[in-house]
Amino acid sequence: MRYYIKKVISLIMVLFLIMLLTFIAFQVIPGDSALSRLGVDAEPEAVEALRESLGLNKSLPERFFSFLSGAVRGDFGNSYQYGKPVGELLSARLSVTVWLAVLSIFMIIAVSVPLGLVCSRKEGGVADRIITMVTQTLMAVPAFFLGIVITLIFGLVLEWFAPGAYIAPGEDFGGFLRYMIFPAVAIAVPKIAMTVKFLKTSVLRELKLDYVRTARSKGNSERAVLWRHVLKNALIPVITFMGMVIADVLAGSIVVEKVFNLPGIGRLLITAISNRDYPVVEAGVVYIGSVVLIVNFIVDLLYQKVDPRVRIK
Amino acid sequence: MKQGRGQSNTKNWNMVIGIALVSVVLLFVVVGLFWTPYEPTAMSAALKNKPPSLLHPFGTDYMGRDILSRVMDGAGRTFLISIVTVAIGLTAGVLVGAFTGYYGGIVDEILMRLNDTLTSFPSILLAIVFVSLIGTGEYNIIAVLGVVFIPSFARVVRSEYIVQKELDYVRNARLLGAGNLRIMFVHILPNTRPILLSTITIGLNNAILAEAGMSYLSLGVQPPNASLGSMLSEAQTYLLSAPWFALAPGLMIVFTVLGFSMISENIGKKNG
Numbered sequence: 001m002r003y004y005i006k007k008v009i010s011l012i013m014v015l016f017l018i019m020l021l022t023f024i025a026f027q028v029i030p031g032d033s034a035l036s037r038l039g040v041d042a043e044p045e046a047v048e049a050l051r052e053s054l055g056l057n058k059s060l061p062e063r064f065f066s067f068l069s070g071a072v073r074g075d076f077g078n079s080y081q082y083g084k085p086v087g088e089l090l091s092a093r094l095s096v097t098v099w100l101a102v103l104s105i106f107m108i109i110a111v112s113v114p115l116g117l118v119c120s121r122k123e124g125g126v127a128d129r130i131i132t133m134v135t136q137t138l139m140a141v142p143a144f145f146l147g148i149v150i151t152l153i154f155g156l157v158l159e160w161f162a163p164g165a166y167i168a169p170g171e172d173f174g175g176f177l178r179y180m181i182f183p184a185v186a187i188a189v190p191k192i193a194m195t196v197k198f199l200k201t202s203v204l205r206e207l208k209l210d211y212v213r214t215a216r217s218k219g220n221s222e223r224a225v226l227w228r229h230v231l232k233n234a235l236i237p238v239i240t241f242m243g244m245v246i247a248d249v250l251a252g253s254i255v256v257e258k259v260f261n262l263p264g265i266g267r268l269l270i271t272a273i274s275n276r277d278y279p280v281v282e283a284g285v286v287y288i289g290s291v292v293l294i295v296n297f298i299v300d301l302l303y304q305k306v307d308p309r310v311r312i313k
Numbered sequence: 001m002k003q004g005r006g007q008s009n010t011k012n013w014n015m016v017i018g019i020a021l022v023s024v025v026l027l028f029v030v031v032g033l034f035w036t037p038y039e040p041t042a043m044s045a046a047l048k049n050k051p052p053s054l055l056h057p058f059g060t061d062y063m064g065r066d067i068l069s070r071v072m073d074g075a076g077r078t079f080l081i082s083i084v085t086v087a088i089g090l091t092a093g094v095l096v097g098a099f100t101g102y103y104g105g106i107v108d109e110i111l112m113r114l115n116d117t118l119t120s121f122p123s124i125l126l127a128i129v130f131v132s133l134i135g136t137g138e139y140n141i142i143a144v145l146g147v148v149f150i151p152s153f154a155r156v157v158r159s160e161y162i163v164q165k166e167l168d169y170v171r172n173a174r175l176l177g178a179g180n181l182r183i184m185f186v187h188i189l190p191n192t193r194p195i196l197l198s199t200i201t202i203g204l205n206n207a208i209l210a211e212a213g214m215s216y217l218s219l220g221v222q223p224p225n226a227s228l229g230s231m232l233s234e235a236q237t238y239l240l241s242a243p244w245f246a247l248a249p250g251l252m253i254v255f256t257v258l259g260f261s262m263i264s265e266n267i268g269k270k271n272g
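Line by line, the protein sequences are chains E and W.
Just so we're aligned: 80 in the working numbering is position 80 of the first sequence, and the numbers increase by one with no gaps anywhere.
Just so we're aligned: 162 in the working numbering is position 162 of the second sequence, and the numbers increase by one with no gaps anywhere.
I should point out that these hints are in silico values taken from the structure, not numbers from a laboratory.
Quick caveat: nothing in here was measured; it's all calculated off a predicted structure.
Heads up, a few of these hints could be off.
What the hints assert, rightly or not - Here are the computed distance ranges between Cβ atoms for each label pair:
1) W:Tyr103 x E:Asn261: 48 to 54 Å
2) W:Ile19 x E:Asn275: 42 to 48 Å
3) E:Phe154 x W:Ser53: 26 to 32 Å
4) E:Leu68 x W:Tyr62: 33 to 39 Å
5) E:Arg216 x W:Pro52: 52 to 58 Å
6) W:Glu109 x E:Lys208: 54 to 60 Å
7) E:Arg178 x W:Ala46: 48 to 54 Å
8) W:Asp168 x E:Arg73: 57 to 63 Å
9) E:Glu123 x W:Ile19: 47 to 53 Å
10) E:Arg73 x W:Glu109: 28 to 34 Å
11) W:Val186 x E:Glu123: 29 to 35 Å
12) E:Val72 x W:Pro52: 37 to 43 Å
13) W:Ser159 x E:Leu301: 41 to 47 Å
14) W:Asp116 x E:Lys208: 29 to 35 Å
For each residue, glycine too, the CB sits at the ideal point set by N, CA and C.
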């Protein structure tokens with residue numbers, strides 16, 4: 001129990017730290033945001049009124065407090081560019097990014113576990129060598145270049161999908177999923193390559209241990225040893241690795257959303273940066289940051305569930 | 001025994017292929033610093049989106065610019081940005097890592113907690129935050145990525161220092177009257193070289209990918225200057241009419257990253 005309490009407190013502290021750092025970061029931007037919105041030759045009274053309504057004339061701690069309490073409630077103020085509440089903008093784009101991440105993580109797990117086991121079953125065998133070579137090459141391909149190649153081959157040459165013609169899930173859910181498969185593959189493939197490699201190392205490490213010999217000597221087939229005995233233990237370090245992968249998938253989706261013209265959080269963030277729409281940037285950063293932290297938190301909990309030794313540390 | 005020999009052979013092959021790939025890319029880059037077949041920014045209305053030919057081996061882009069020249073120039077810019085980035089991250093990372101690892105204590109505790117938080121974030125997200133603060137452009141992207149890479153270097157160096165400072169040679173040096181600074185940078189630092197080398201190659205890869213990603217998002221190098229990422233971003237619009245435009249810079253990135261990762265894996269295996 002103490003372990004959980006400690007973990008939760010440290011999660012809350014880091015979340016607080018992120019909000020504080022984000023807040024400070026966007027305070028030090030040179031220039032007065034009221035002035036920059038109205039233009040340099042605006043009436044002083046108008047600037048003052050806007051400062052008042054934006055809450056800019058309050059003291060720093062006061063402003064941080066209102067930012068914090070807003071952020072907890074999901075209220076980040078209004079977007080400069082769209083004039084709408086930032087929370088509304090974010091939640092409209094949330095489903096795209098979440099679907100993209102979920103689809104690619106599903107692909108990563110579904111493909112890399114069997115491949116990793118095949119590789120480690122006969123180290124140095126033909127299957128292992130081919131898979132190792134292919135994964136090493138695929139690891140070097142950035143997701144957005146892979147996305148461009150996929151667009152070229154499957155979109156333009158084979159015409160399996162219309163590039164850039166994103167279909168909203170409310171319109172046609174089947175079409176939406178069919179379109180999302182391609183960006184998900186672009187994100188998943190380099191990560192599958194990494195996961196296979198990591199899993200292989202982990203399985204090979206386990207195979208050297210005594211319990212494997214015991215399992216074999218009890219008459220288990222090699223397949224049963226791998227799937228029922230080794231895999232469970234070999235997956236433990238992979239859990240931590242997957243936490244990193246999930247963070248990477250989220251970051252990768254920022255770039256891949258541009259390749260496939262998806263209206264996700266990443267696109268929103270990039271547009272907001274070029275338009276100096278700070279409330280949106282702030283919210284996007286806090287948002288993605290919190291998701292990454294919470295994923296890591298869940299990974300930690302899972303990890304100690306399957307390997308209680310870490311609690312003692 | 002037999003298996004062991006087979007393995008070391010494949011490893012050597014990895015090193016050979018890795019060095020070959022990186023050399024080819026470096027040849028492009030180094031020659032590109034002094035000479036390119038055409039002016040990288042020279043436009044020509046008559047040569048729009050021409051496929052590869054003898055005069056233009058990689059074809060031309062939508063403004064009639066020679067893609068080979070632009071790839072040479074752009075790869076050079078991407079490389080330069082990555083090298084300076086890694087140099088900044090490495091220098092600051094070594095300083096932070098050496099002091100925190102060697103002395104430990106409360107400062108170490110706080111810095112490492114901060115470090116853990118920062119490294120759990122994808123570097124491109126951190127870079128995006130910084131760029132939104134200081135703005136886009138070639139020099140800004142160097143500063144941003146340099147800062148973003150400090151934590152990962154600091155972490156590696158710190159854990160090396162924690163191990164090394166307990167070793168006999170450090171005690172001997174102390175007995176001989178060497179000061180802390182001397183021990184840290186004259187005695188311990190050279191011994192971290194193997195780890196640093198493989199960290200540097202991985203860091204270069206990450207920097208190249210990050211620069212390409214940022215420039216692809218138009219947050220890095222700005223037109224008319226070329227970088228591998230910004231070329232890909234331009235090429236995407238003309239994917240159907242000029243697919244070669246995207247392939248040249250994209251394959252350049254793949255070869256570089258593949259080459260460096262093959263080399264770094266080999267260095268890593270030799271040490272561990």
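- Task: Compare the structure with the hints numbered earlier in the document and write down the numbers of the violated ones, lowest to highest.
- Result: Those not satisfied are hints 4, 6, 7, 9, 11, 12 and 13.
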